[in-house]
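**Q** With the hints as your guide, set chain R onto chain Z.
In the order they appear, the protein sequences are chains Z and R.
Take 1 as the starting number for the first sequence in the working numbering and just add one per residue.
Take 1 as the starting number for the second sequence in the working numbering and just add one per residue.
In short, the hints are calculated from the structure, not lab data.
Hints may contain errors.
[Said to hold, decoys possible] Quick list of in silico lysine-lysine cross-link-like pairs, BS3-like style, CA-CA up to 25 Å:
id, chain 1, residue 1, chain 2, residue 2
1, R, Lys143, R, Lys45
2, Z, Lys9, R, Lys143
3, Z, Lys9, R, Lys45
4, R, Lys48, R, Lys143
[As the list claims (entries may be wrong)] In silico contact screen, one side only, chain Z against chain R (beta carbon under 7 Å); selected entries:
id, residue
5, Pro28
6, Glu51
7, Asp57
[As the list claims (entries may be wrong)] With beta-carbon atoms standing in for the labels, derived distance ranges:
id, chain 1, residue 1, chain 2, residue 2, range
8, Z, Leu26, R, Val61, 21 to 27 Å
9, Z, Val8, R, Pro90, 37 to 43 Å
10, R, His131, Z, Val2, 32 to 38 Å
11, Z, Arg23, R, Arg77, 17 to 23 Å
12, R, Arg138, Z, Arg23, 22 to 28 Å
13, R, Glu161, Z, Ala35, 37 to 43 Å
14, Z, Met7, R, Ser63, 41 to 47 Å
15, Z, Glu36, R, Gln55, 31 to 37 Å
16, R, Gly126, Z, Met7, 43 to 49 Å
17, R, Gln55, Z, Ala35, 35 to 41 Å
18, Z, Met1, R, Ala155, 33 to 39 Å
19, Z, Ala32, R, Pro53, 26 to 32 Å
Here the structure is a predicted model, which means the values were calculated and not measured.
Beta carbons: idealized from backbone N, C-alpha and C, even for Gly.
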Amino acid sequence: MVETTAMVKLPPRLAEQARTYVRLGLFPDLDALLAEALRRYIETHQIELLEDYIRQDVEWGLHGHD
Amino acid sequence: MTEAILDAGPLIHLAELDALDVLSDLEILRIPAAVWEEVANHQPKALKFPGLPLQRVVAPVPSAALQTLAQALALDRGEVEALSLLEIYPRAWFLTDDAAARLVAEQRGCEAHGTIGLLIRSVRRGQRPAHEVLDLLRSLPQKSTLHVRPALLDAIIQQLEIEWLRGLRP
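Extracted from the complex, chain Z is given alone in its bound form (with noise of 0.2 Å):
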């Protein structure tokens, strides 16, 4: 499969805690850092599970009884 090169603008706080992870060698690089943490947010946001949520929420928004 082809790998798919993506350039990324990163707010400064953001970019220098990305670079401390490289530095300290959790990661080769800057690019396996973002791979993995994409990755990780594609595993725990499943789009089903948290759109039922936001329309349970809407519901509960508009017809909650607290």
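**A** Relative to the frame of chain Z, chain R by itself:
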């Protein structure tokens, strides 16, 4: 008494929208130390909002069952601390925008809500007028890091317009 335990998401997202006031009618807002650190890093103004009963709390060591679930669902430190606080305060609301953390909380019988629900509730509670909340929801993609599929957001806004406009008719 309504008290809540907060994950970072709603604090950060509501601060981005300048809408932290929607939490002001809750009596205690417990923020686990790891969540506090995360918010302090990314949206420190959320922790200085006047009038919010924020309490930074140290969470207990999570139970073995929670640790296993946290590992399986790749929950972060703040989420785990919040969930372990819920083991002490099971009647508190859990405020989170994370689906996996919410799943764990609800499976344990806790009530959980997210940023969008809190915004809509503020109209029901008379804290914000409907038109303001509709504007906030329309601005969500530009002003907030809460990511919602545009088609879903449009459908929600449309539903709210119908509900709230119908409510205004004599």
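**Q** Against each hint, give a clear statement of whether it holds in the structure.
**A** Quick rundown of the hints versus the structure:
1. R:Lys143 x R:Lys45: 15 Å, holds
2. Z:Lys9 x R:Lys143: Between Z:Lys9 and R:Lys143 the Cα gap is close to 17 Å, so the pair holds against 25 Å.
3. Z:Lys9 x R:Lys45: This hinted pair holds, its Cα atoms lying about 23 Å apart.
4. R:Lys48 x R:Lys143: It holds: about 20 Å lies between the C-alpha atoms, which stays within 25 Å.
5. Pro28: 22 Å, violated
6. Glu51: 6 Å, holds
7. Asp57: 3 Å, holds
8. Z:Leu26 x R:Val61: 21 to 27 Å: Holds, at about 25 Å.
9. Z:Val8 x R:Pro90: 37 to 43 Å: At roughly 41 Å between Cβ atoms, R:Pro90 and Z:Val8 fall inside 37 to 43 Å, so the hint holds.
10. R:His131 x Z:Val2: 32 to 38 Å: 48 Å, violated
11. Z:Arg23 x R:Arg77: 17 to 23 Å: Holds, at about 21 Å.
12. R:Arg138 x Z:Arg23: 22 to 28 Å: Since R:Arg138 and Z:Arg23 have Cβ atoms about 41 Å apart, the given range 22 to 28 Å is violated.
13. R:Glu161 x Z:Ala35: 37 to 43 Å: 41 Å, holds
14. Z:Met7 x R:Ser63: 41 to 47 Å: For Z:Met7 and R:Ser63 the Cβ distance comes to about 44 Å; the hint holds.
15. Z:Glu36 x R:Gln55: 31 to 37 Å: Given about 34 Å between the Cβ atoms, the range holds.
16. R:Gly126 x Z:Met7: 43 to 49 Å: 47 Å, holds
17. R:Gln55 x Z:Ala35: 35 to 41 Å: Holds: the Cβ-Cβ distance is about 38 Å, inside 35 to 41 Å.
18. Z:Met1 x R:Ala155: 33 to 39 Å: 34 Å, holds
19. Z:Ala32 x R:Pro53: 26 to 32 Å: Since Z:Ala32 and R:Pro53 have Cβ atoms about 42 Å apart, the given range 26 to 32 Å is violated.
Violated hints, in rising order: 5, 10, 12 and 19; the structure is consistent with all others.
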